[in-house]
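Q: Listed below are the residues making up each chain.
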Amino acid sequence: MMRRNKQQRKSNPSAIKIAAMILALIPVVALLAIITSLVLNSRTAIKTAGWGLLTATFNPAGGQYGLLPAMWGTFLVVLVAMVIAAPVSLFLAILANDFSIGFLGSIIRWTIGILSGIPPIIYAAMAPVFFLVFIGPKFAGAGLPEATILKMTQYSDLPINGSTLLGGILMSLLLIPFLSPLLDDAIKNVPHSLKEASFSLGADRWHTLTHVTLPAAVSGISSALMLGMLTGMGEAMIVAFAIGFEIGKIPQPLFDILKATAPLTTVIVGFSAGGFSLDLSGPLLTSIGNFAGLVLLLLSFAVLGVSTYLQSRFKNRFAS
Amino acid sequence: MKKIAIVALLVSGAALILGCLSLGTNSLEAYPVPVLGILFLTFAALFVYIRYSRKETKVAIVAIAMLALASAIILKVLPEYLHGFNINGLIYRSVISALLLIGLGIPATCYSLFYFLGATPRARDFSRYPLLVLPIILIAAAFIFIIYKIIAGGAPLLSWSLIITPFKDQSWYKEVWQNGWPNFITTTTLQIGLRNAILGTFLLMGLTAIISLPIGMGVGVFVHQYAGPRLGGVIRFSTTALRAISGIILAIIALSLIHAVSNSFHGTFLNYLVQGFGYYPNGKLLTGRSSFLFASLFISLLVIPIVARATEEGLTSLPKDIEEGSLAVGASSEHTLTHISLPWSLPNIITGLVLGCAEAAGALTIIFLMAGTGQLGVNPLSETTSLAYFIFDTRFGTQMGDSVQYYMKSYEYTAAILLLIITVGLTVLALVLKSKITRRYKGA
Numbered sequence: 044m045m046r047r048n049k050q051q052r053k054s055n056p057s058a059i060k061i062a063a064m065i066l067a068l069i070p071v072v073a074l075l076a077i078i079t080s081l082v083l084n085s086r087t088a089i090k091t092a093g094w095g096l097l098t099a100t101f102n103p104a105g106g107q108y109g110l111l112p113a114m115w116g117t118f119l120v121v122l123v124a125m126v127i128a129a130p131v132s133l134f135l136a137i138l139a140n141d142f143s144i145g146f147l148g149s150i151i152r153w154t155i156g157i158l159s160g161i162p163p164i165i166y167a168a169m170a171p172v173f174f175l176v177f178i179g180p181k182f183a184g185a186g187l188p189e190a191t192i193l194k195m196t197q198y199s200d201l202p203i204n205g206s207t208l209l210g211g212i213l214m215s216l217l218l219i220p221f222l223s224p225l226l227d228d229a230i231k232n233v234p235h236s237l238k239e240a241s242f243s244l245g246a247d248r249w250h251t252l253t254h255v256t257l258p259a260a261v262s263g264i265s266s267a268l269m270l271g272m273l274t275g276m277g278e279a280m281i282v283a284f285a286i287g288f289e290i291g292k293i294p295q296p297l298f299d300i301l302k303a304t305a306p307l308t309t310v311i312v313g314f315s316a317g318g319f320s321l322d323l324s325g326p327l328l329t330s331i332g333n334f335a336g337l338v339l340l341l342l343s344f345a346v347l348g349v350s351t352y353l354q355s356r357f358k359n360r361f362a363s
Numbered sequence: 323m324k325k326i327a328i329v330a331l332l333v334s335g336a337a338l339i340l341g342c343l344s345l346g347t348n349s350l351e352a353y354p355v356p357v358l359g360i361l362f363l364t365f366a367a368l369f370v371y372i373r374y375s376r377k378e379t380k381v382a383i384v385a386i387a388m389l390a391l392a393s394a395i396i397l398k399v400l401p402e403y404l405h406g407f408n409i410n411g412l413i414y415r416s417v418i419s420a421l422l423l424i425g426l427g428i429p430a431t432c433y434s435l436f437y438f439l440g441a442t443p444r445a446r447d448f449s450r451y452p453l454l455v456l457p458i459i460l461i462a463a464a465f466i467f468i469i470y471k472i473i474a475g476g477a478p479l480l481s482w483s484l485i486i487t488p489f490k491d492q493s494w495y496k497e498v499w500q501n502g503w504p505n506f507i508t509t510t511t512l513q514i515g516l517r518n519a520i521l522g523t524f525l526l527m528g529l530t531a532i533i534s535l536p537i538g539m540g541v542g543v544f545v546h547q548y549a550g551p552r553l554g555g556v557i558r559f560s561t562t563a564l565r566a567i568s569g570i571i572l573a574i575i576a577l578s579l580i581h582a583v584s585n586s587f588h589g590t591f592l593n594y595l596v597q598g599f600g601y602y603p604n605g606k607l608l609t610g611r612s613s614f615l616f617a618s619l620f621i622s623l624l625v626i627p628i629v630a631r632a633t634e635e636g637l638t639s640l641p642k643d644i645e646e647g648s649l650a651v652g653a654s655s656e657h658t659l660t661h662i663s664l665p666w667s668l669p670n671i672i673t674g675l676v677l678g679c680a681e682a683a684g685a686l687t688i689i690f691l692m693a694g695t696g697q698l699g700v701n702p703l704s705e706t707t708s709l710a711y712f713i714f715d716t717r718f719g720t721q722m723g724d725s726v727q728y729y730m731k732s733y734e735y736t737a738a739i740l741l742l743i744i745t746v747g748l749t750v751l752a753l754v755l756k757s758k759i760t761r762r763y764k765g766a
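As they're listed, the protein sequences go chains A and B.
Just so we're aligned: the first sequence equals residues 44 to 363 in the numbering used here.
Just so we're aligned: the second sequence equals residues 323 to 766 in the numbering used here.
Simulated from the structure, these hints should not be mistaken for lab results.
Keep in mind that this is a model prediction, so the values were computed, not measured.
Watch out, some of these pointers could steer you wrong.
Computed spacing ranges between beta-carbons, pair by pair [claimed, not checked]: (1) A/H250 to B/L460: 25 to 31 Å; (2) A/P296 to B/L553: 37 to 43 Å; (3) A/P326 to B/A477: 45 to 51 Å; (4) A/F146 to B/Q492: 53 to 59 Å; (5) B/K380 to A/T98: 44 to 50 Å; (6) B/L479 to A/T98: 31 to 37 Å; (7) B/E646 to A/R356: 31 to 37 Å; (8) A/S236 to B/L453: 46 to 52 Å.
Glycine included, every Cβ here is placed at the ideal spot set by N, Cα and C.
Take these sequences, add in the hints, and give me the full structure.
A: And the structure:
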C-alpha cells in the first residue's frame, strides 16, 4: 500500500509542486548565469594579463593591470566602516536587551527599524556636506591660505577629491541600522538560564554581560559582523560619491585613510562603464572590469561561507 | 566623598562634551588643555581622598590622572596642523584633542559616576551607561544632522507644481510653412519637475513586486514543502547568495547584456524591449538606455530572496495542530497548502513584499548604469528612471550626458525628501505588520 502510494505520487506530481519547483530553480539558474557571464567575459583579461591582474601596479600604457589597489581599497573602507559601526551597533543591541530601562529597548528597535529604510543614495548624497563640516576643517586645512597649504603638503595631496575616511564614515551610517538588529538577535538568543545562573551567584549586570552573555553570543555576533562586511564590500553608491572610481596605487603608508583608494565596486564601474559615461570602454578594460567582478564575487562567497559556517557550527549549542 | 565625586563627575562630563564638540568644530581649541589640567587635579584629589578615607589604592584613577596630565602636555606641544610622514592631509589639532578627551572622558565619567552613586554593585552597573550611550549619541547626532540637512535643503523648494511637472529639456526642429516655403524653427522645451522620477519609482516598485512575488513564493513553498535537504540547501544558498553579492555585479552583467542585444539585434523588437523607447515631440522614435521591465527584472533578483525568506518564515510559523487538523479531515496536502498554509503566511509575505518594494525604490546600484532622465515617458517599455537615480543624476548628470545636473542641481534634497517619504513609509508599514504578526496565535 505504501509503495503504491509512493509510486502514484512519483508518477503524478501535483501541478503546484511542478510550478513551485520551476520557480524555485530561477534563483539557481540566475546565479549560475551570473557566474558564467563573469567567467566568460573575463577570459580576455586573463589571456592578456594573466597573473599580472593580481599585482600592485595599474598602468594600462605599460601593459600592467594589477587589481591589488582596488582590493586594498575595499579592505580599507570596510575596515573604517566596521570600526565605527560594530561597537555602536553592539552597544545599541546591549542597551536594547540587558541594559534596557523602561521602554528604551522598544524605542531603540523602532528607531533602528525606521532608519534601516534609508537607501544608500541618501548617505552618498551627503558626502559633500560631510566634507564641508568634517573632512575639510579637520583634514584638508580649510581656511588656510593657499601658500601655507602648498608649503605644508609638498610631497602629498589633500583629501579634497574624496577620501577613504569619508566613505567609511558614511558607510558606517548605512551599516549601523543593518547590523544592530542582527546583533540584537544574537544577544537575545542567549538563554535566560545562563544569565540567571550568573545573577544567582552574585554577579552584577556588567559582569554577566562581559563574562556570560557576550561569550555565549560570540558566534551570532561574528556571523552578523561578517554579513555587515559583506554589505560594505558590495556597496557602490556611497564609495562612488565619497571616494571616486579611478584605480590608483596602494597608499603609502599602507593605512593612509585620507587618500582616496577606490574599492573594487567603483573600479568595476570605472572599467566597464568608462566611469559613468555608459559606453563600454574597450573590450580589454571591460573584461578587466568583469574579472574584478569575479574577484568581488569570490570574496563575497568566502565571507558568506565563513558566516554560514559560524552560524551552523554554533546553531545547536544551546538547544536544551 | 559625595562632594569630590560630584566635582569629578562635572569635570569629566565637561571633558566628554568638549571632546564631542571638538569633533564638529575647530573653534574650541583654547579649552582642551585647561580642562585636562583640571581633570588631572580632580582625579589626583579623588585618589588621595580614597587612599585616606577607605584605605584603597585605586590604580585606575591614578592612571586616568596621569594620562590626563600627559595628554595636556601633548596637546600643549602639538603644532596646530600635523603634516608630513607622507600622510595625504593636514590633520588639525582638534582631531587629536577630541580623541584624547573622549578616550579619557569615558572612563573618567564612569569612575566618578561609580563613586558618586556610592560605590555599590548597583552603582557599578549604572556607571557603565556613559560608555554605552556616548558612541550612540555621536552617531545619533550624525543621523539628525543628515535629516536636518535634507529637510532644510529640500523642503523650501518642495511644491505641488514640482511634483506634477515632468522634467523636460528638449529641442527639435519644427517645420513651419511660410509663403509656400518650409521653414525650420528650433523649438525648445525646458521644464523643471520631478513627476516622471516619482512615477518611475512607483512603476519600478510595482513591476518588481509583480515579478518577484510569484518567484519568491515559489522558492519559499518549494524549499519548505517539497525539497530534500540537498536541493533545498542549493536553492537556499543561491537565494542568499543573490542577496549577498554586490548589486554592481548585476549592473555590469545587465550592461553587457544590453550592449550584446543592441549589437546583435539592432532595431528589432527585442532591442526596444530591452532598451526601452519613447517618442520625441516631433514624433521621432528614440531608444533609451534600458526599459523599466528590464531594470525591474534585475532588481527583482534582489527582492526574490526577501519574499522567499518571508514565505518560508510564515510557513514555518504555522502551528502543527492547524496543519494536522486540515490533513486529518481529509484534505490533500495541496489543498492544505493553498487553503491553510499560504493564507496563514500571507501577512509574512506581504511584509516581505513591502520591504522588497522599499528596496526597489532605493535600489540604485543596479539601475544607475541603465537609467535616464525620464523624458521618454513612464510605461513598462520606456526608459528607466527613479528618484534615487535623479539624486545620482544631480551629481553625475554631465558625465551621463544629460542636463539634469545643470538645471536641477538644487533640487537634490527635494528628491531626497520624496524618496525618504516612500522608502521610510514602506519600512514603517512593514514594521507595523511585523509587530502584528508576532502577536497572533502560536499554537499549543
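Q: Determine for every hint whether it applies to the structure shown.
A: Going through the hints against the structure:
1. A/H250 to B/L460: 25 to 31 Å: holds, 26 Å
2. A/P296 to B/L553: 37 to 43 Å: violated, 50 Å
3. A/P326 to B/A477: 45 to 51 Å: holds, 48 Å
4. A/F146 to B/Q492: 53 to 59 Å: holds, 55 Å
5. B/K380 to A/T98: 44 to 50 Å: About 55 Å separates the Cβ atoms of B/K380 and A/T98, which means 44 to 50 Å is violated.
6. B/L479 to A/T98: 31 to 37 Å: violated, 49 Å
7. B/E646 to A/R356: 31 to 37 Å: Check passed, 33 Å falls within 31 to 37 Å.
8. A/S236 to B/L453: 46 to 52 Å: Once the Cβ atoms are compared, 27 Å apart, the range 46 to 52 Å for B/L453 and A/S236 is violated.
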